[in-house]
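Novice: Here is how the chains run, residue by residue.
There are 2 protein chains.
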Amino acid sequence: MPERLYLYDTTLRDGQQTQGVQFSVAEKMKIAKALDGLGIDHIEGGWPGANPTDSAFFDEMAPSCATMTAFGMTKRAGRSAENDDVLAAVLNANTPAVCLVGKTHDFHVETALGITLEENVENIRASVAHCVAQGRETLFDAEHFFDGYAANPDYALECLRAARDAGARWIVLCDTNGGTLPYGIGRVVRAVIEAGIPGDRLGIHTHNDTETAVAGSLAAVEAGARQIQGTLNGLGERCGNANLVSLIPTLLLKEPYAGRYETGVSRDALARITQVSRMLDDVLNRVPLKQLAYVGASAFAHKAGLHASAILKDPSTYEHVDPASVGNERFIPMSNQAGQSNLRRRLMEAGIEVAPGDPALARILDKVKARENEGYAYDTAQASFEMLARAELGQAAEFFEVKRYRVSVERRKNKYDRMVTLSEAVVVVKIDGEKKLSVSESMDETGSDRGPINALSKALGKDLGRYQEIIDDMHLVDFKVRITQGGTEAVTRVIIDSADGQGRRWSTVGVSPNIVDASFEALLDAVRWKLSRDAVALA
Amino acid sequence: MPERLYLYDTTLRDGQQTQGVQFSVAEKMKIAKALDGLGIDHIEGGWPGANPTDSAFFDEMAPSCATMTAFGMTKRAGRSAENDDVLAAVLNANTPAVCLVGKTHDFHVETALGITLEENVENIRASVAHCVAQGRETLFDAEHFFDGYAANPDYALECLRAARDAGARWIVLCDTNGGTLPYGIGRVVRAVIEAGIPGDRLGIHTHNDTETAVAGSLAAVEAGARQIQGTLNGLGERCGNANLVSLIPTLLLKEPYAGRYETGVSRDALARITQVSRMLDDVLNRVPLKQLAYVGASAFAHKAGLHASAILKDPSTYEHVDPASVGNERFIPMSNQAGQSNLRRRLMEAGIEVAPGDPALARILDKVKARENEGYAYDTAQASFEMLARAELGQAAEFFEVKRYRVSVERRKNKYDRMVTLSEAVVVVKIDGEKKLSVSESMDETGSDRGPINALSKALGKDLGRYQEIIDDMHLVDFKVRITQGGTEAVTRVIIDSADGQGRRWSTVGVSPNIVDASFEALLDAVRWKLSRDAVALA
Chain A
1 MPERLYLYDT
11 TLRDGQQTQG
21 VQFSVAEKMK
31 IAKALDGLGI
41 DHIEGGWPGA
51 NPTDSAFFDE
61 MAPSCATMTA
71 FGMTKRAGRS
81 AENDDVLAAV
91 LNANTPAVCL
101 VGKTHDFHVE
111 TALGITLEEN
121 VENIRASVAH
131 CVAQGRETLF
141 DAEHFFDGYA
151 ANPDYALECL
161 RAARDAGARW
171 IVLCDTNGGT
181 LPYGIGRVVR
191 AVIEAGIPGD
201 RLGIHTHNDT
211 ETAVAGSLAA
221 VEAGARQIQG
231 TLNGLGERCG
241 NANLVSLIPT
251 LLLKEPYAGR
261 YETGVSRDAL
271 ARITQVSRML
281 DDVLNRVPLK
291 QLAYVGASAF
301 AHKAGLHASA
311 ILKDPSTYEH
321 VDPASVGNER
331 FIPMSNQAGQ
341 SNLRRRLMEA
351 GIEVAPGDPA
361 LARILDKVKA
371 RENEGYAYDT
381 AQASFEMLAR
391 AELGQAAEFF
401 EVKRYRVSVE
411 RRKNKYDRMV
421 TLSEAVVVVK
431 IDGEKKLSVS
441 ESMDETGSDR
451 GPINALSKAL
461 GKDLGRYQEI
471 IDDMHLVDFK
481 VRITQGGTEA
491 VTRVIIDSAD
501 GQGRRWSTVG
511 VSPNIVDASF
521 EALLDAVRWK
531 LSRDAVALA
Chain B
1 MPERLYLYDT
11 TLRDGQQTQG
21 VQFSVAEKMK
31 IAKALDGLGI
41 DHIEGGWPGA
51 NPTDSAFFDE
61 MAPSCATMTA
71 FGMTKRAGRS
81 AENDDVLAAV
91 LNANTPAVCL
101 VGKTHDFHVE
111 TALGITLEEN
121 VENIRASVAH
131 CVAQGRETLF
141 DAEHFFDGYA
151 ANPDYALECL
161 RAARDAGARW
171 IVLCDTNGGT
181 LPYGIGRVVR
191 AVIEAGIPGD
201 RLGIHTHNDT
211 ETAVAGSLAA
221 VEAGARQIQG
231 TLNGLGERCG
241 NANLVSLIPT
251 LLLKEPYAGR
261 YETGVSRDAL
271 ARITQVSRML
281 DDVLNRVPLK
291 QLAYVGASAF
301 AHKAGLHASA
311 ILKDPSTYEH
321 VDPASVGNER
331 FIPMSNQAGQ
341 SNLRRRLMEA
351 GIEVAPGDPA
361 LARILDKVKA
371 RENEGYAYDT
381 AQASFEMLAR
391 AELGQAAEFF
401 EVKRYRVSVE
411 RRKNKYDRMV
421 TLSEAVVVVK
431 IDGEKKLSVS
441 ESMDETGSDR
451 GPINALSKAL
461 GKDLGRYQEI
471 IDDMHLVDFK
481 VRITQGGTEA
491 VTRVIIDSAD
501 GQGRRWSTVG
511 VSPNIVDASF
521 EALLDAVRWK
531 LSRDAVALA
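Sequence lines, in order, name chains A and B. Following UniProt numbering, the numbering of the first sequence begins with 1 at its first residue and continues without gaps. Following UniProt numbering, the numbering of the second sequence begins with 1 at its first residue and continues without gaps.
Misleading hints may appear alongside valid ones.
What the hints assert, rightly or not - Listed next, the in silico SDA-like pairs over lysine to any residue satisfying Cα-Cα at most 20 Å (straight line):
1. B/462 / B/444
2. A/435 / A/462
3. B/415 / A/284
4. B/403 / A/19
5. B/369 / A/27
6. B/254 / A/151
7. B/430 / B/482
8. A/436 / A/468
9. A/30 / A/283
10. A/254 / B/472
11. A/369 / A/404
12. A/462 / A/535
13. A/30 / B/482
14. B/290 / B/480
15. A/430 / A/440
16. B/290 / A/284
17. A/367 / A/404
18. A/33 / A/284
19. B/313 / A/440
20. A/313 / B/534
21. A/367 / A/393
22. B/367 / A/313
23. B/369 / A/26
24. B/313 / B/339
25. A/403 / B/419
26. B/462 / B/534
27. B/458 / A/52
28. B/415 / A/404
29. B/30 / B/82
30. B/369 / A/413
31. B/480 / A/419
To be verified - Examples of chain B residues lying across from chain A (beta carbon under 10 Å, computed):
32. 161
33. 430
34. 451
Because the hints were derived from the structure by calculation, they are not lab data. Positions of the beta carbon are idealized from the N, C-alpha and C atoms, including for glycine.
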């Protein structure tokens, strides 16, 4: 019988400590939903009371299979657990589980907290007991445990025993400053178990300051710990936390873990982990790292000629796991064969049938490659990919021609002496031989100006003659901008998500050194995609 | 007496297998020089004969302290080592050392090479013996050793013994497909030593396919191997090789390695490792990853308020090593997680002294929190944070007032019937009571239009009267845009990185529903920050 390992995600709390990361409530809900879908056991949502976003998240969070967990700290000295307002705010989030961080390193107790060692033990005991009495599953995060154990093992263990005896379900050994190497982690976890904290109540929380957080977590499991805390993509303070996106495939697929342990993550869910990893980058507006273990775009890329030819004979020669098992794909730059069958599959998904060996396939592949080199991203912008393919196949209708556009943004004082901004766009198109001029500004209902792209979008969608009624239910739902490398110089890549009244959602891409040009290109593709779907019925 | 560990760098060979990486000869020379300056023992320069760049590199390479090493493969079956032209090309590079890769996995010998197991052993023996006879230090890279040992340990060991008996100085166990976890690596290395290959002739070569390449290398050292192969920044095929930039500080600074082992890297050289890591990113034209262990810009960044206040009392509380030891710096960003102590620390770094308990601290914190809630991001945009704080403290000079601006983008056909885009901006400022109108377009030297933000930046920087000469050495180096939640609605956040002739680099932020407004706000902050630093001397 495999033993159960528990996975605890702290992307929404420790992950938010990453420099430059600040999740909105909506983003937290999106990430929590993805974690829940994976089969993570605990989702730590934030520290209620510490900032308004975290409190709002717990108020709005939908029910989940995962145990939603609020983070906080042990009560302060000189007041009871019942009267500690910080602790009360944590409990008021009404989550089934609560994780409290507390000190276990004598130096920190005396230097940072400035209280006696006995007071700190009592803070741990009373806080855990209070949460348990409120019916919550209670976790104790033993901050700086490894440094504390090195400095004063008796005291560090006394803190853990206080949490254990007060009823903590999990006692989590935290390598808070990331300085403990895997060998040391394994040794200390074994010592803790020998000292009377059972392994099935022990968790591990590592940081990547020596680039060994994943290995440190594995060493703790080998030594007997049964809960792993980590984050998606290794997000987290400084160098990040242990990366669950690397750990989960290792635990499910690799010796000696596969078979020996089981987690809440099914093989079906595992096949979505690449998608989950990229969703997080999307939320953060980051380019996914190609080199990421298991899920990176290069993780199964075989550049060396020797490797690529061996892969064709037997993939197991250079792949330690099947890329499909983690939802990733093999990539062989040299292999036109693999490229073409891949391409045909993508075209079929877009409803375009092309016979194997059709010379258009090679032309489309070349075009995609050339344009991706200029900065386009067709993986994301499926609708633009489809428009490109249709053009190569001679299946693209023009619908209308854009003759010119002009957009202006002006900021100045109004008659009340307040600075105001106004954007205005003019778009000139030719439809059925007729020239149509449209002008729009971009003031919204609150009187604030939404900017030049909004004005352009409105002007473009204002009068497309006989196509107008088809695009009337279309609207812009997201707009992403990235500076990227186009050949030798920096260009702007704009990705626009559009939606319509039929519930469809599609993405298009534009690239230019000029952000307005890039945006207009993506807007045009979006309108033409919609027309290519719906205008046929009218024609 | 500490034992000597040897470091072998393969950035120029295995690192070049990274998707998208192709070094020029000049780049290879630059990287080799940096490696040599660090005190690396062996520099593997490439595979002479396999491509023209690698051959040219060996021809042109300057003398080095490191042992320059040419990579190649064992001779093919059916010819003698003396008559193998591939092997001859490797020897013709005239390097003091040669590293030959050969098969040790029976499956690969029979499937990929299609020769008998005995022929393969003879290829290893004869090739190593030939190089040794030519007076070269010879290394044998045992490809797929860990998979081979798992499948057929006797055969895998027989291959190693052939290399040992033929006089190979180093026998390197390669985990070619990256699938072996640290625990497995340690176990196999111990078995190999017990089977008669001495540890001081054993090297380890790992890949990061499970995000454990660094830990795998350390496990091999703990088991007795004495050479580590890796690359700068973990460059390499698929997920990369073991990252020497993480391994070197760990070996020099961390228990149980520091003191027990010594390498060719001095403490002085270690203090340049951050610089070496960033030099490689510079060669690759990549933005350095902030989260890198030891050398990343976030490696010593302390965002959580609790951590920052402890750091002020004693840096060792949240730092496992001194950032200066690796040439990196502590950084305490502003964000809505932060407390007053964090804030004071941050202000001090900006040269602003505020007494503890000063009521301005609370006002600044409130303002930062409110603005971050609107979408601003002050932990990235330090210069904007500083301008905000100076304004609250009444220390902000106005310098000039912006009366209005206007920017337009027009796309239309030119006289040659080609679609072209032109951006134009007008900025009106008032300086010392005098109104100044400036107009700019944004055509670059190649004739392509760089867009409205570029035009605005040029117009704003065109005539600032007596401040003009101060901002003349300023330029825009990066521009990041994201759509974020500002209160209840989506807004655009723009972060601009600027640089000047004194080598300073600073970041500013602007937020608005209108991307042009947001950009202009960030541009203004950038100019004012520069003036607040340099204009005082003139006043």
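Novice: Each hint should be assessed against the structure and marked as holding or not.
Specialist: So, going through the hints one by one against the coordinates:
1. B/462 / B/444: Judged against 20 Å, a Cα distance of about 16 Å means the pair holds.
2. A/435 / A/462: 13 Å, holds
3. B/415 / A/284: 44 Å, violated
4. B/403 / A/19: Answer violated: residue 403 of chain B to residue 19 of chain A is near 35 Å, above 20 Å.
5. B/369 / A/27: 19 Å, holds
6. B/254 / A/151: This hinted pair holds, its Cα atoms lying about 16 Å apart.
7. B/430 / B/482: 31 Å, violated
8. A/436 / A/468: 12 Å, holds
9. A/30 / A/283: 9 Å, holds
10. A/254 / B/472: 58 Å, violated
11. A/369 / A/404: Given pair residue 369 of chain A, residue 404 of chain A is violated - Cα atoms ~29 Å apart, limit 20 Å.
12. A/462 / A/535: 17 Å, holds
13. A/30 / B/482: 18 Å, holds
14. B/290 / B/480: 16 Å, holds
15. A/430 / A/440: 18 Å, holds
16. B/290 / A/284: 14 Å, holds
17. A/367 / A/404: 26 Å, violated
18. A/33 / A/284: 16 Å, holds
19. B/313 / A/440: 58 Å, violated
20. A/313 / B/534: 65 Å, violated
21. A/367 / A/393: 12 Å, holds
22. B/367 / A/313: 63 Å, violated
23. B/369 / A/26: 19 Å, holds
24. B/313 / B/339: Holds. Residue 313 of chain B to residue 339 of chain B sits at ~14 Å (cutoff 20 Å).
25. A/403 / B/419: Cα-Cα ~9 Å, so holds.
26. B/462 / B/534: 18 Å, holds
27. B/458 / A/52: 40 Å, violated
28. B/415 / A/404: Roughly 14 Å between the alpha carbons, so the hint for residue 415 of chain B and residue 404 of chain A holds.
29. B/30 / B/82: 34 Å, violated
30. B/369 / A/413: 28 Å, violated
31. B/480 / A/419: Given pair residue 480 of chain B, residue 419 of chain A is violated - Cα atoms ~25 Å apart, limit 20 Å.
32. 161: Since the shortest Cβ distance to chain A is 24 Å, the answer is violated.
33. 430: Violated, because the Cβ-Cβ distance from residue 430 of chain B to chain A comes to roughly 12 Å (cut-off 10 Å).
34. 451: 4 Å, holds
In this structure, the hints that do not hold are numbers 3, 4, 7, 10, 11, 17, 19, 20, 22, 27, 29, 30, 31, 32, 33, in rising order.
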